[in-house]
Amino acid sequence: MKQRDFEKTYEETWKQLERWLDTPDTGDVDPDIVPGLYRKVCHHLALTRTRQYSPALEDRLNRLALRGHRALYAARVSTFGNLWRLFGSTFPRSVRQNAWVVLVSAILFYGPFAAMVGAIAINPSLAYSVMSADQLDQIEAMYSDVENDSSRDSTTDLMMFGHYIYNNIGIGFMTFAAGVVLGLGSVFVLVSNGLFIGAVFGYLTHAGLGHVLYPFVAGHGAFELNAIVLAGACGLRLGMSLVAPGRRRRSDALRHTASDTMPMVYGFTAMLLIAAFIEAFWSSTSWSPPTVKYTVAALLWVGVALYFVFAGRRDAA
Amino acid sequence: MLDTLENIETPEGVSLSVRPAGIYARSLARLIDTLVQGCVFAAVYFLLNLLGELFIGLALIVLFVTKWLYDVLFEVLMGGATPGKRVLGLHVVYTNGAPVGANGSVVRNFLRIVDWLPALYVFGVVLSLFNARFQRLGDIAAGTVVAYQDDAKLSAAGLIVDAASPMRLAFSRDEHRAIANFGARVDSLSAERQVELAELLTPLSALEGREAVQALQRHAGWLSGH
Chain A
1 MKQRDFEKTY EETWKQLERW LDTPDTGDVD PDIVPGLYRK VCHHLALTRT
51 RQYSPALEDR LNRLALRGHR ALYAARVSTF GNLWRLFGST FPRSVRQNAW
101 VVLVSAILFY GPFAAMVGAI AINPSLAYSV MSADQLDQIE AMYSDVENDS
151 SRDSTTDLMM FGHYIYNNIG IGFMTFAAGV VLGLGSVFVL VSNGLFIGAV
201 FGYLTHAGLG HVLYPFVAGH GAFELNAIVL AGACGLRLGM SLVAPGRRRR
251 SDALRHTASD TMPMVYGFTA MLLIAAFIEA FWSSTSWSPP TVKYTVAALL
301 WVGVALYFVF AGRRDAA
Chain B
1001 MLDTLENIET PEGVSLSVRP AGIYARSLAR LIDTLVQGCV FAAVYFLLNL
1051 LGELFIGLAL IVLFVTKWLY DVLFEVLMGG ATPGKRVLGL HVVYTNGAPV
1101 GANGSVVRNF LRIVDWLPAL YVFGVVLSLF NARFQRLGDI AAGTVVAYQD
1151 DAKLSAAGLI VDAASPMRLA FSRDEHRAIA NFGARVDSLS AERQVELAEL
1201 LTPLSALEGR EAVQALQRHA GWLSGH
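The listed protein sequences correspond, in order, to chains A and B. Note that the working numbering gives residue 58 to position 58 of the first sequence, counting from 1, and the numbers run on in steps of one. Note that the working numbering gives residue 1066 to position 66 of the second sequence, counting from 1, and the numbers run on in steps of one.
Treat the hints as calculated values from the structure; they're not laboratory data. Be careful, since some hints might not be right.
Partial list, computed: chain B residues near chain A (C-beta under 8 Å) [to be verified]: (1) Val1018; (2) Glu1053; (3) Ile1061; (4) Leu1063; (5) Asn1103; (6) His1176; (7) Leu1223.
Simulated coverage check for chain A against chain B, where a stretch passes if three residues somewhere in it have a Cβ under 8 Å from a Cβ of chain B [claimed, not checked]: (8) 40 to 48; (9) 168 to 174.
In silico negatives: residues of chain A with every beta carbon more than 12 Å from chain B [as the list claims (entries may be wrong)]: (10) Lys15; (11) Asp28; (12) Val29; (13) Ser89; (14) Val104; (15) Ser125; (16) Met131; (17) Leu136; (18) Asp145; (19) Ala207; (20) Leu209; (21) Val212; (22) Phe216; (23) Ser286; (24) Phe310; (25) Ala311.
Quick reminder that beta carbons are idealized off the backbone N, C-alpha and C, glycines included.
Input sequences plus hints: build the corresponding full structure.
Shown next as structure tokens:
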């Protein structure tokens, strides 16, 4: 068949697919015939190549087939169904699956934290090893202010909410992404944050402000601290995929691991959001006595633990 | 041929070609996106001065979204293209040609900070130079490619169509394509370069100078179906 006849015979087929791709919703082209049209165009493209028709025609059909390919093979997701699945089972199951990495990450974070608190209890001047005197003074002033005059209005709550989102979720993302540097980035962020928070804890306890600090952090800590641990675990897995790729090429191992960690990435992001909310609108409240704060905090910690141990077990394949 | 086409095997048994975008186009797109982000930052700063403390919380949330989720939101919701990529005619696709989804977009954009190291995307640029698809680290981890939305159309400008006629030589498919591309791009080349390229065929065609160029343009016109 000559190219001109070929074009004349099938022009209408190509036009139909083009029309559907340009305006899929008008009902001008019956959606049921679209897959058939697309397969025909693929066939015509192959013919164009073997019969050595003009490059211009080949380009046109390639472009058309490519657009059809994108339209037909696009992943269709229903966001809400997926969210339900994600938090109902995929996320907690993925955490259990990665229990060892999560444990390593937890040790890298809580270890330096506990060590720092203990060290400062023995020798308070050690707090100055990770923070400057100015920083420590500032933190101390902040908490003693709270003790003396604890009237924070709702504007400040909203401001702090924004601050926690910007700061904490940013740190979470950073902990995850930095892990790709052979895991070292995540280790660094985990250890340094552990040391830093440990120093704040140890120093304020030493300064006699523990009764202000503990009720404040106990509640949102359940979400915030553990979310950072999970972010670290995701980062460590990225790094490990490059250090020990197993039977895959390093690039393939990285790709598989990255998509594997996504449920945990979405999960820790949600946890940091919840933490920011609690921290801004509950932890800061002054009307609730410490006993109430401690009770709520205990419930939150137990709730988080139960969630990770039991959620999504029924769906196990 | 020296070309940057990437072939995608489809279930229909035909391979489709996409053209991954090079560093220059991607840098321009990034520059535009950075400017857009900068404008948002500036607008937030301006409003902050206007509205005062009441606005700080909201401002920080807007800054967070602009800093971390700008690319993800545009790529997932707007057909794989941030405003910068849209201007340059680029979009993000998976290496199998499918439109990028949330997972791929999150991975490639969160790892952006590593590609940026030590400054101005040096690591990402070096890595993508060693990669046939110009993938930076984030792209490799996400399995994505930044490609041209529409493969460059062959323009009819450089074809001589009123006297279209083939040269009596046996060309392969790739050679035909090279001649068609020559016809499409001839207007963007200097006269000397046109002659230089066309005279590569002199040993076979025995044509020289402008004559060789015109013979190729006529051949390209014939190839295009005229």
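Checklist line | Interface hint status, Glu1053/B versus chain A (Cβ within 8 Å) | finding: With Cβ-Cβ at 6 Å, under 8 Å, it holds.
Note to self: Is the claim that Leu209/A lies outside the interface with chain B correct, judged by CB distances over 12 Å?
What the structure shows: holds (26 Å)
Check: Holds or violated: Ile1061/B as interface residue toward chain A, Cβ cutoff 8 Å?
Finding: holds (5 Å)
Next item on the list: Under 8 Å, Cβ to Cβ, is where Asn1103/B needs to be relative to chain A, so tell me if that hint holds or is violated.
Entry: holds (5 Å)
Item checked: Exclusion check [Ala311/A not at the chain B interface, CB over 12 Å] -> Non-interface label on Ala311/A holds, nearest chain B Cβ at 21 Å vs cutoff 12 Å.
Note to self: For the stretch 40 to 48 of chain A, count the residues whose Cβ lies under 8 Å from any Cβ of chain B; is that count three or more?
What the structure shows: holds (count 4)
Checklist line | Least C-beta distance between Met131/A and chain B, which was stated to exceed 12 Å | finding: holds (24 Å)
Check: In terms of Cβ atoms, is chain B entirely out of 12 Å range of Val104/A?
Finding: Nearest chain B Cβ is 21 Å from Val104/A, so the label holds.
Notebook entry, point to check: Does the claim that Leu136/A lies outside the interface with chain B hold up, using a Cβ gap greater than 12 Å?
Noted result: Consistent with the label, Leu136/A stays out of reach of chain B, its closest Cβ about 25 Å off (over 12 Å).
Note to self: Quick check for students: does the CB of Val212/A sit more than 12 Å from each CB in chain B?
What the structure shows: holds (23 Å)
Checklist line | Minimum beta-carbon distance criterion (8 Å), Leu1223/B to chain A | finding: Holds. Min distance 5 Å.
Next item on the list: Measuring Cβ to Cβ, find out whether Ser125/A lies farther than 12 Å from everything in chain B.
Entry: Holds, because the least Cβ-Cβ distance between Ser125/A and chain B comes to about 35 Å, which exceeds 12 Å.
Consistency note: the structure conflicts with none of the earlier hints.
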